[in-house]
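Peer 1: Make a model of the complete structure from these sequences and hints.
Chains as they are written, first to last, in this note's numbering: chain X, 617 to 1090; chain F, 8 to 286.
In short, the hints are calculated from the structure, not lab data.
Since the model is a prediction, treat every value here as computed from it, not as a measurement.
Below, in silico cross-link-like pairs of lysine-lysine (BS3-like), each with a Cα-Cα straight-line distance of 30 Å or less:
1) X:LYS1062 - F:LYS255
2) X:LYS745 - X:LYS758
3) X:LYS777 - X:LYS727
4) F:LYS35 - F:LYS186
5) X:LYS902 - X:LYS984
6) F:LYS168 - X:LYS1062
7) X:LYS1062 - X:LYS777
8) F:LYS35 - F:LYS100
9) X:LYS853 - F:LYS66
10) X:LYS757 - X:LYS745
11) X:LYS981 - X:LYS991
12) F:LYS137 - X:LYS1012
13) X:LYS991 - X:LYS902
14) X:LYS1049 - X:LYS765
15) X:LYS853 - F:LYS137
16) X:LYS758 - X:LYS727
17) F:LYS186 - X:LYS1062
18) X:LYS727 - F:LYS186
19) X:LYS981 - X:LYS902
20) X:LYS1062 - X:LYS765
21) X:LYS758 - X:LYS715
22) X:LYS1085 - X:LYS757
23) X:LYS991 - X:LYS918
24) F:LYS100 - X:LYS1062
Calculated Cβ distances over 10 Å to all of chain X for the following chain F residues:
25) LYS40
26) LEU59
27) TRP61
28) ILE94
29) LYS100
30) ASN101
31) PHE179
32) LEU182
33) PRO184
34) LEU268
Where chain X lies over chain F, by a calculated footprint (3+ residues, C-beta under 8 Å):
35) 124 to 135
36) 201 to 209
37) 215 to 223
38) 226 to 240
39) 243 to 257
Yeah, the Cβ is synthetic: ideal placement off N, Cα and C, and Gly gets one too.
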Amino acid sequence: MSALENQKHPNPVWRFFCSVRLTIVLLILLALVSIAGTLIPQREASMAFARNLSTVNLKIFLALDLFDIYHAIWFRFLIGILALNLIICSINRFPGVWKRFTALPRPDRQKPFEDQPGELSFLVDGEWKTVVEDVEQVFRKKYRRVRAKASNDVHYLTGEKGRFTHFGFYLVHLSILIIIAGAIVGSIFGFEAYVNIVEGGQVDHANRTSSMAPIALGFTVRCDRFSVEFYDNGTPKEYRSDLTFLKDGKTLANMSTRVNHPARFQGITFYQASYGMVVGDHCRLKIIYAGSTPTTSVIEVKRGVQTLLPGSRDHFQVADIRENFMNMGPAVLIRIQPAQGQETSFWVFQNHDEIEKQFPGLTHKFIKLNPSAFKPYTFILRDVDTRYYTGLQIAKDPGVSLVWAGCFLMVGGFFVTFFMSHRRIWIRITREKTGTRISLAGSASKNPVGIERELSHLARHMQDHVARKGREAA
Amino acid sequence: MNSIILSYITFVYFGAFFFYLLMMVMRKEIFGKIATTICVLGLAGHIFAVVLRWVESYKLGIGHAPFSNLYESLIFFSFTIILLYLIVEWRTKNRSLGVFVTPLAFLAMAYASFSPNINSRIQPLVPALKSNWLITHVITCFFGYAAFGLSFALSAMYLLKRLDHNGGSRFFLRLIPDKGILDDLNYQMVVIGFLMLTLGIITGSVWAHSAWGSYWSWDPKETWSLITWLIYAAVLHSRLVRGWRGRKIAILCMIGFSCVLFTYFGVNYLAGLHSYAKS
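Peer 2: What follows is the structure, given as structure tokens:
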């Protein structure tokens, strides 16, 4: 039928876009392209793959955007064509659908009654006139647009249900357009970004996921606390960041974000994405003084603060704290500026003993790694403060509500399209010598089994109703 | 305990398959009745074991619905196939589909129970899975998969039935219903599967929106579910609008089901966000 309609239209461009063959080709094409996108490493993952390509291949891949297929212009173009195809198909089919929606078949058609099972034609007791009235009353209650045609001995009725279901597929198609619109709104007016915040730290910018360019949030967010809970078997149970949102130094909101429970502030959503450790500003040092009166002291030192050496008038400071220095674990840089003599600076490892075991003599060979470089002191690093940082994913997507609306509409549209049908019923009430004959017939736009069931149900209902009315009259 | 019961259920479903086959070969309805009885009993045991697993997880203090890893999903997949099949058998009063469907169920069970790569222990939920959407997402997806599985079996039956040119000369093909009935039933399965897959994708993206920060991130599993959706959308359009019937639809449905299988198993070989479904 659609093929015929296509041929009628004079404009070849229109003819091209209104063909369902194009739809099927596009659906399969999109499927194939999507398959390619799952086989070729995309975006961040593509680096290693790209390195093994020849220059020519690499040029082809880059020119076709094959490392970011789903965001490539031509991929969007395909979706655009599909949307256009959908709109033009819908417009093209509208007159036909409208005709089926508004059609009013004559009540006295005979054709539907041919080949109906016997049980749908039955005799009832009662005078023809009253039976007609009773049946019509029942029928009008259950069906819409009931029309009647009466002659001397035959009374015809026709009615229908669910004629709006012809528009079911429009709901589905509209829902797809709404979802596409939601995606477009999201990509124009929204953003995706990420940021790491150290416990106690705060940011007012984040980095865009796609370009790493900074983006202003319009407010400040502080991470007050990050915590991770574990199950007994050691697998993680919950990650949680307690966040404070501030503007101009004023606290506006306190929220926490967990996996599956993002925090939302001023239209921007914060998701718990990752976490890690960074060293803080404090460390604990054990200092052994091997002078005339040997002493051992343990002190806590803050980075960059001049501290008095035990048993001396000289000062030292922790100039740097590294989480993992030279791949040998945490270390601090000690810098001593004595009153007389040269400045001395050297690194002290937390894992000094193990390093000494692994590379005997290493720390004594290099003065920069020797914890006893400033005589008669020996520095031992007990531990360094570590702090968690939380990795937050940040998104703003004003198109989401459109997408959800589209999803709702799509599911509703499916129900209308697949599970509901337009059913027409014809009833013929004939005066016969032995009584009154009621015959039923019907047709449905889909689900032929359903209409048979409905007809036999209606037949039984009418028999009962007429019989009851008859008893009441008697 | 529950996993031991479930490994026995594998053999029960194999028994059901055996009797369905016997019915087809010997053309004796009694074997079909035995097969159906075995199937129903297997399903009852299956439900019991899944509920038991659920209860056991709470006793371990890590209570969650048993839908959290590959083992549990295979068990649930097999359950949905048998349940959906029994409903279809009851509605159509025809048992021949059983020969083609029970192998899917028992293979899924056997893979879950006897593959050395699959861990049947109850494990605590990782933070990403701790969501109310887990149950809805898994149920809708797997009923979709099961309906597509039945559609695959019906398509296979259709293509076999086409070999039956001279009215049932071959012993096996006679009990398979007419091609028209198969085609109709196949269409119904595709509709159910398509609706469920759509709901599965929607619930999945609502969940992803709150867990991963985006309702669609082109993760391989997401992408493959979309590919599957596109294929079945093509099936429905070619049938409803272009009027394709029979062989072409059957072949498309088989392609569709291979996409379902890839969505389910294949993507585990691709890197992605759905990694908890791997083991």
